[in-house]
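2 protein chains.
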Amino acid sequence: VVSIAWTKSHDNAILHHHGWSQCAVLIEEGLFENKVDLGFKNETRVLEPGQTFNTPVGALHQMKCLSTRGRTLHVYTPKIQSEVETKLFFSSSLKTIENDLSLSASVKIEDLKNLLTTIRDQSITTRSPFFMNQLFAGILPQTLQAEEIISQTKTTLATIEASPVFSKIESLVVDALGELIGWEENARDGVSVPGGSAANFMALHCARQKFFPEMKAKGMRGPALKIFVSAEAHYSFKKAAVALGFGTESIVPVPVDETGKMCANQLEILIQETIQTEAIPFFVCATAGTTVLGAFDPIDKIAVICEKYHIWLHVDAAWGGPALFSKKLFPLLSGISLADSVAFDAHKLFGASLTCSFFLTRHRDLLLAANDVSGGDYLFHSEDTEVDRGKLSWQCGRGADSLSFWAIWKNVGTTGLGEFVDRLINIREQATAWIKTEPRLEIVAHPTYLNICLRVQPPLAQAHAKNWSKLVREKLKTQNLAMVNYSSNEEGDFLRLILAHPQLQFDHVKQILQWALEVE
Amino acid sequence: VVSIAWTKSHDNAILHHHGWSQCAVLIEEGLFENKVDLGFKNETRVLEPGQTFNTPVGALHQMKCLSTRGRTLHVYTPKIQSEVETKLFFSSSLKTIENDLSLSASVKIEDLKNLLTTIRDQSITTRSPFFMNQLFAGILPQTLQAEEIISQTKTTLATIEASPVFSKIESLVVDALGELIGWEENARDGVSVPGGSAANFMALHCARQKFFPEMKAKGMRGPALKIFVSAEAHYSFKKAAVALGFGTESIVPVPVDETGKMCANQLEILIQETIQTEAIPFFVCATAGTTVLGAFDPIDKIAVICEKYHIWLHVDAAWGGPALFSKKLFPLLSGISLADSVAFDAHKLFGASLTCSFFLTRHRDLLLAANDVSGGDYLFHSEDTEVDRGKLSWQCGRGADSLSFWAIWKNVGTTGLGEFVDRLINIREQATAWIKTEPRLEIVAHPTYLNICLRVQPPLAQAHAKNWSKLVREKLKTQNLAMVNYSSNEEGDFLRLILAHPQLQFDHVKQILQWALEVE
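Residue numbers (my numbering), protein chains in the order written: chain P, 1098 to 1617; chain H, 1098 to 1617.
Fair warning: there could be bad hints in the mix.
Said to hold, decoys possible - Which bits of chain P does chain H cover? Going by a derived footprint, with three or more residues having C-beta under 8 Å, they are:
| # | segment |
| --- | --- |
| 1 | 1158–1166 |
| 2 | 1203–1212 |
| 3 | 1246–1253 |
| 4 | 1300–1313 |
| 5 | 1505–1513 |
| 6 | 1557–1564 |
Said to hold, decoys possible - Mimicking DSS-like on lysine-lysine, the simulated pairs with C-alpha atoms at most 27 Å apart in a straight line are:
| # | chain 1 | residue 1 | chain 2 | residue 2 |
| --- | --- | --- | --- | --- |
| 7 | H | Lys-1132 | P | Lys-1210 |
| 8 | P | Lys-1607 | P | Lys-1425 |
| 9 | H | Lys-1307 | P | Lys-1315 |
| 10 | H | Lys-1205 | H | Lys-1161 |
| 11 | P | Lys-1574 | H | Lys-1265 |
Because the hints were derived from the structure by calculation, they are not lab data.
Ideal Cβ placement from N, Cα and C applies to all residues, glycine included.
With the sequences and hints as input, model every part of the structure.
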């Protein structure tokens, strides 16, 4: 509990973050403005004496005294983990706690709590704005709240009877995404799946059901089926091809141009070549936002080809899907309404729970046709018109993954999600402009999305050093400064910075690059 | 904040549950005993003046004053949701909040929090001891703590670099389970999968990799492969057979005896018949704990047959796996060490997060062989000897599912998990003895595990009513009393009661059955 006395001369408002504690403020005297930074959104309220406000766990807040004097009472629950908050980023040190993790000795509940706190504090801090290693960053208060509710309910999405509200929420989210894609209301459908890889997996599964429904009973028979994905597509297509019985040789990689986009004319040539053999081209994936360069394949051109040859068109928008919400970026997805299916991850750019992924399709009834089997009578009793959502999935018991994305969307609105994307795009523009002024930094391909790929040239003293970008990356990581990823092309290694953190500022990007330049 | 004055004459200790609030107690005067019920375990501590104790969210606690007088201060954070606590069970009323769920109107963070609380309170209360509908019940404080840590870290299990501690925890849990199964230390392996269905799925995938490694590249070709499961096995084998390209016709259902166990001699006959055709028998699943009757297939006998015909033996122990921890029940799993793979769900009987499932195998390197593909270089940089766990899975980004089970195990120990199973078995014995004294109740098959299946005969006034058990079930549900499941056999419907709740008492079971008998 902290009591603070304020005067109006307090021009510097107090902006702070309480770590993992929730902060309740009671206004005892005076008039205050309280601004809460919820990641995707700021909310401002004027508070009068006697009023209270709870800043949720995970949010920053800033208070300003509007009257000549004031007095506030602050209560933090549970206690502030100040030690954690002083560090922006930790690399992990597993060795210090490894022995405590063993299951051969048990501990009392208070020690368990301490151990769990230590585990958290020894884990990679993906909430730091200097964490840019994955296609996600930041911990949102809306997600924390949603996850608390999921923990406290533990219901399964398999049946409407066991989770009426969460089933409804899943279908609302699926429907709203289908509407943004531009699919007809009576045709669109979808389901939560455990990750973007699983969404791509489901796409192959549904496409096979559509074109070869007899395989549901008979299994994979007959001529080889071919899957066309860009050379930069996600590796999950290979995994899915193996698991689903197509085999890795079913994958036909389509060449990309220098920006990482699939060459549509090459796609058509490869399809024609396949037709000359005994194999059947049946599935094309257009990637919207590749993992390394963030490239968007030309969906509209690819859609024309798919229509011509009667091939399923899937868009892997696990990373680039948020462009649906941005007027500025939507043109990158031009033609997406022609897709048969789309993969969308809300746990990436939009900060939902890991995982919060959706498989979406414009062929209603196909999910049921592909996934429903007999033998679940002990579970599925519904005499409702609504289909139990477990029948759309090859999972049985599963949690309410969609709730966190629903909570974020409900709090910031469709427009708010678009503004969030646009804000990050502006930071990218500032960052690329700045990079061009730095002689030792070189953009690898001008970004279309929120991946900045750049090469760091070694300083003069190290002029002949090889793999300098990779070395820089390792230094930033081992020094607990920042975590960025790297990749390589024929000219060598380069860094990949992902702009995804809800509280990201240009200065964070600049800071990381300055640290990168300082490596000796 | 509540201040309480005590005298020793206070013989009735105060036993209570704070709903979703954590309770901190400060001893101001006197000597106290505080007993905390953590679900699988009770912990007792003596507290002296000046000492504090936090009872975690989700636990019950009971205080007793040991001295002639005493004074305690109790702080609840956040506030007690007393309205919620007065009801033991709610059926859901989606309609009252349906309009508030729409994504077309956004709400401020405080209203979002209220809305999420309403969603929770309108959801099925799986924490009630009168919830017996699924193969899980109860919300454990250890799970709540683990899930909070997962929310606050959001790291992906794909790489050790991104989640060194959670990767270690996953392998510790997998290894400890493999040890209990009886597999050699250098051979056993496993991975978290999104649900028991996914574990069965992975079993088919790995078995195919073992016997037909060429299919990884070439896909499903050649003769039909046959999968043998009992007629009472989980429907997920059918789903997996469709998705993996075997087709539903690959499934050969093996007859069961009157207790629901697979007839091993029938299995051998069916295998021999298959060999006479062009098809290849390659996979047998023995179910340890069927969904309806809780039957255990005779693993030892099945193992002999599998060895004889060189067939993969998988044990679906998603529900019955906890018998591994109980000396009393372990004989039901006799022969499990001969299995090639096992599915184990910790979110069922052991109360971990939904989902917390494991695929386990005694063939190290097979998970990698079945799931690893090229093309993930942007992600997998490890030069370590430890394999990044994403390579063992067909998922990419995924959360630390195993943490909650690790936390429970760490708190109660291997012995504690066994005692938990045995305690519920004792309740089952009391319940079945009581049922036999009630003329209108009839056990369907004497239970071997924690499923009690029984038929309720209608009262005299309804002597000719059909499907009475199903009607009883619906009444218990609509009256907000209890939620049990039902199934049917050739003699009609029957109720299925699942004993899984950590705080279950015999009286809860008796109460449900008394309500069932009162239905008119």
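Practice problem: Quick one: which hint numbers does this structure break? Sort them smallest to largest. | Solution: 1, 6, 10
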